[in-house]
Amino acid sequence: DTGVSQDPRHKITKRGQNVTFRCDPISEHNRLYWYRQTLGQGPEFLTYFQNEAQLEKSRLLSDRFSAERPKGSFSTLEIQRTEQGDSAMYLCASSSGQENTGELFFGEGSRLTVL
Amino acid sequence: RKEVEQDPGPFNVPEGATVAFNCTYSNSASQSFFWYRQDCRKEPKLLMSVYSSGNEDGRFTAQLNRASQYISLLIRDSKLSDSATYLCAVNIGGGSYIPTFGRGTSLIVHP
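Protein chains in written order, with the numbering used here: chain A, 1 to 115; chain B, 1001 to 1111.
If you are wondering where the hints come from, they were derived from the structure by calculation, not from laboratory data. The reader is advised that the hints may include incorrect statements.
Stated by the list, open to error - Okay, derived cross-link-like pairs now, DSSO-like style, lysine-lysine, Cα gap no bigger than 27 Å in a straight line:
#1 B:K1042 x A:K11
#2 B:K1042 x A:K57
#3 B:K1079 x B:K1045
As the list claims (entries may be wrong) - Covered stretches of chain A, going by a simulated chain B footprint (3 or more residues, C-beta under 8 Å):
#4 43-52
#5 75-85
#6 103-115
To be verified - What follows is a set of in silico ranges between Cβ atoms, one per label pair, in the way DEER data are often shown:
#7 B:R1066 x A:R81: 26 to 32 Å
#8 B:N1065 x A:T76: 19 to 25 Å
#9 A:D7 x B:S1081: 44 to 50 Å
#10 A:P70 x B:D1077: 48 to 54 Å
#11 A:G85 x B:E1003: 28 to 34 Å
#12 A:F74 x B:G1093: 43 to 49 Å
Even glycine gets a Cβ: it sits at the ideal position worked out from N, Cα and C.
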């Protein structure tokens, strides 16, 4: 399968714990995005990488959230001291710089439940 | 005002019906427009891009109205399998490669 893969698919954690999600984009894509989606809402932008550089972060991304893409390939999104409001689907997407800007390929998401 | 707005619906239509959704955007500098489809508990998948001249893909037609700042999606001869949430996405361009999504419009096609 050469699509975007995310791990884990589901994570249940207690409030205050740290969680980390991993995203492996399509191999030739240099742009990688993290979005968050809650029930009844569209995906909300969190952060964006071009290669290994984190170029933009949403103000939604509090200091408890950190994302990395150390070698310009896979990315991790860590949430520290989780809160119940962090419960959501965390979607990773990738795109190639050669494509029409805005066409994203999404992974199946990592669903986080904070108890 | 939200950057991208959609009527959440649901739009409940019989098979064979024609249904249309609109999506308004607030930034007049927006340059790229897209419709995504999202099935229940699945990831969004690109349905079609929206070009200035409008474009059609089978039963689906997308149009852009820059003057009124909205895009539309028309689905003809609705199928049960068209039941999904339709998300519009807008990219302001100009070096920004970050699409902003609407909340989606839910479509339910019934027999």
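Each hint, compared with the structure:
no.	hint	in the structure
1	B:K1042 x A:K11	holds (16 Å)
2	B:K1042 x A:K57	holds (25 Å)
3	B:K1079 x B:K1045	holds (18 Å)
4	43-52	holds (count 5)
5	75-85	violated (count 0)
6	103-115	holds (count 7)
7	B:R1066 x A:R81: 26 to 32 Å	violated (45 Å)
8	B:N1065 x A:T76: 19 to 25 Å	violated (41 Å)
9	A:D7 x B:S1081: 44 to 50 Å	violated (29 Å)
10	A:P70 x B:D1077: 48 to 54 Å	holds (49 Å)
11	A:G85 x B:E1003: 28 to 34 Å	violated (22 Å)
12	A:F74 x B:G1093: 43 to 49 Å	violated (28 Å)
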